[in-house]
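Chain A is already provided as a structure; the job is to place chain B on it using the hints.
Sequence order for the protein chains is A and B. Under the working numbering, read the first sequence as residues 1 to 404, first letter to last. Under the working numbering, read the second sequence as residues 405 to 799, first letter to last.
Errors might be hidden in some of the hints.
[Stated by the list, open to error] Now the in silico label distances, taken between C-beta atoms and shown as ranges: (1) A:Leu72 x B:Asp416: 48 to 58 Å; (2) A:Asp197 x B:Ser659: 48 to 58 Å; (3) B:Ile443 x A:Arg100: 48 to 58 Å; (4) A:Tyr282 x B:Ile443: 33 to 43 Å.
No lab work stands behind these hints, which were simulated from the structure alone. No residue lacks a Cβ here, since even glycine has one placed at the ideal position from N, Cα and C.
Listed below, chain by chain, are the residues.
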Amino acid sequence: MLDGDPFHYFSDLLVLMVVVVPVYFLLPWAPARQLVLCLTGAYLLFLIAPRLLAFYVVFWLVVYLLQLAATLWRDRPSSWVLTTLLVLLTLTPLVVWKLRPEWSVVEFNVGMNGFVDWLSPWTGAIDRVRDLILPIGLSFATFRAIDQIVKVRLEIVPALRPLHQLAYGFFPTVLVIGPVIEYTEVSDRLDETARWDPRDTLSGVLTIGIGAIKVFVLAYLLRGSQDVFALSTRSGSPADYWLELVMFAFYFYFNFSGFSDMAIGSARILGFRLAPNFNNPYLKTNPQAFWNSWHMSVTRFAQRNVFVPMGGMRARTQYVAIIATMMVIALWHDLTIPLVIFGLYHSAGLIGHRWWVTRHPVPEHRGLVRRAGANVLLFVYYLLSLPLLMLDLGALPEFYGRLW
Amino acid sequence: MLADRFLDTLRDRFGFVVTRWAIVRIAAFAVLTLVVAGIVVEPRPGERDDAALATSQTRNVALPFGDPRGFDPTAKGDHFTIAWIGGSETMAVGPRTRAYIAGLVTERLGTVDGRPVSTDLYYLDAIRLVDEVAALSSALSSKPDLVVISLNPVWVLNDLALQQWGYLDGALARGSVWPPSRWAVAASVLSPGDVGWRVLAAASPSLVGDRFVWGLDASETTAGLSFLDVVAGEKPPTTELGALAARRPVDFWFSRFTPSNPGTDLAEKQLGILERQMASRSSINAVAVRQMFEMVRTAGADAYFYVHPIDPTVYAQPDARRYIAELRAELARVTAGQTSGTIAFDPQGLQDRVAPSEYRDIVHVRDGRNEAAVLTTDLCALLRSTGHRPDCEAP
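Bound conformation, chain A alone:
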């Protein structure tokens, strides 16, 4: 499996925390605690594959340098050119990977193994035992890095010192499956005196438990629905396909949000209160509420760094900003034509909804039937976009054909 197994990652993390949590809270010095966080994350990456750790060491060191560069010429009017350049540089590995996956994945494995082997033949031998992998977590890391560079450029946060950079870059709970945390979510806690709060521990454990139930019970039961997209080996009536698609939607949600809960819960045990990543998205009644509650960390990133700068809060430019925001969210998954369609499709939904409510304001208190109707309508609209996430362009007509 090229994309790693989050189960093993969280198994390792949770066992590691038996040692890390007491050490973290007993250490009286903030730099030492930052080092503990960094080493824990680095070790978790090492366990996936030493070549992945080597890659991220290089990646975050480059990000450290780029954020320093972002502080240069901040007062000049043309400084946005430099900022754009830095953001594009940060995006480069992700874009290369998405555009040429076959080439880049092989070169990533071979190149980073060669680097590790050059550093230590012993570690090189260990690395070759590990599975072949994608640059796991790079989508999340890239957005976190861009957010950091932009925040430093805008002087929202000071340029990170090396230890802060490593503690943020290797923050141990979010390395594989997100969420896309902001530096400001962890910065205060990195420097303040760490006091153990039993409530944080219990709340974290409960959140991990909720996540585990979502992943290992609910998503597990629904896992067969992934075959809904296996066009050559599955068949059924249109009704069967709709029902299976609903099952898949819930599988997708439980699996993703469950692992997010586990990441957020693990961070909470260490006293970090990360923002939630999902907030009952399937209960929402309009597209805007849906996207504000689905993979919220990416939505927040896109709102901060795309929607607002592009004039999303102004009437004249709001629709362009919506399209740009949704394209960033869509293409974050992959750089394919179906995902371009996915972005445009949901942009149309958001724009259509905004256009409608400005002309037909929604009453504050709606009846249950009306809310349920809006919820069902939105859910069906969302269901129809799932094939765009999962299938190649050529397979889409056949899949949609089976729904009717």
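For chain B alone, kept in the frame of chain A given last:
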């Protein structure tokens, strides 16, 4: 967060406040529940899968691939027990015969000290050095009278594939606790999750330890939850990334380090692996080999290590002869001072002593009788030297 709202509700309705003692109580209760469940729940023993080759004296005790319990050693009885660890090189597969070489040797040994010989074979296809360390750990826990370890000349010092079967990590963890000299290999290949699962399995054997069987049941029960019908259609062609994901790391790295043409036969490819072995001179392999000697020494077991011979027709080639000579020299260096009166190993291997046999490729023999004869002679000599009375007259 949902958890916070839940805790607030508990506080408002029942006055429950989270204190450090509440955390200790909850943790103690969780552990107790796990232990009690482990006692109450019926154990789910694994099933060995070697009916085709098992005899009354020899059986493969490996559990199905993926079962983290790894092996199911036979309970100690009145027999003289041998634990034999090896991979596919210990199986002879000819046009009409298919036998474990360990089984052929066991037949020849007959009885030791008047007791019939019983051999547990820790056999896995594609077993690698660290897998053998894990198997040895399991084997030693069953307190065998003699341990025999086959070292595959193609892989023993090769850094292309130190380990193949990660699901044996639990067994490896168990045997790596003490002494500290074992920590280097353990730290290199084990993960905290392996250790955690091992600890939980020890606390609750039938619930956590038997999780492979529970998982199979759960998977089987829930596999059919779908509205769609399965049809026999043609699967879409595998993508390049899909093909890459399906490749074993060893195959990928082998193809990168020793590229060969599509028509290259297996023996030539394996010769390439031997060549890589000489180039790698992997220190972690050397530590793992020495660890196996230390493990049998610490356990007080009689042990016999041997290097399986390669195909004599390949060995006749100058390159192969040179690689084997280098391997012998390296193994002699690595194992210097490791042998004793009860632990035998000849770095020269069996190569020059086994009468020529026919091979399927560089290491897989078709008829194991010639090798079995030499092994029987060696084992009898070792047993006699350690005060046992083997009956080596059997056929």
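Hint by hint, here is what the structure shows:
Checked against the hint of 48 to 58 Å, the C-beta distance between Leu72 of chain A and Asp416 of chain B comes to roughly 54 Å, which is consistent with it. Distance hint check: the CB atoms of Asp197 of chain A and Ser659 of chain B are about 53 Å apart, consistent with the given range 48 to 58 Å. Between Ile443 of chain B and Arg100 of chain A the Cβ separation comes to about 56 Å, which falls inside the hinted range of 48 to 58 Å. In this structure, Tyr282 of chain A and Ile443 of chain B meet the distance hint of 33 to 43 Å, their C-beta atoms being roughly 41 Å apart.
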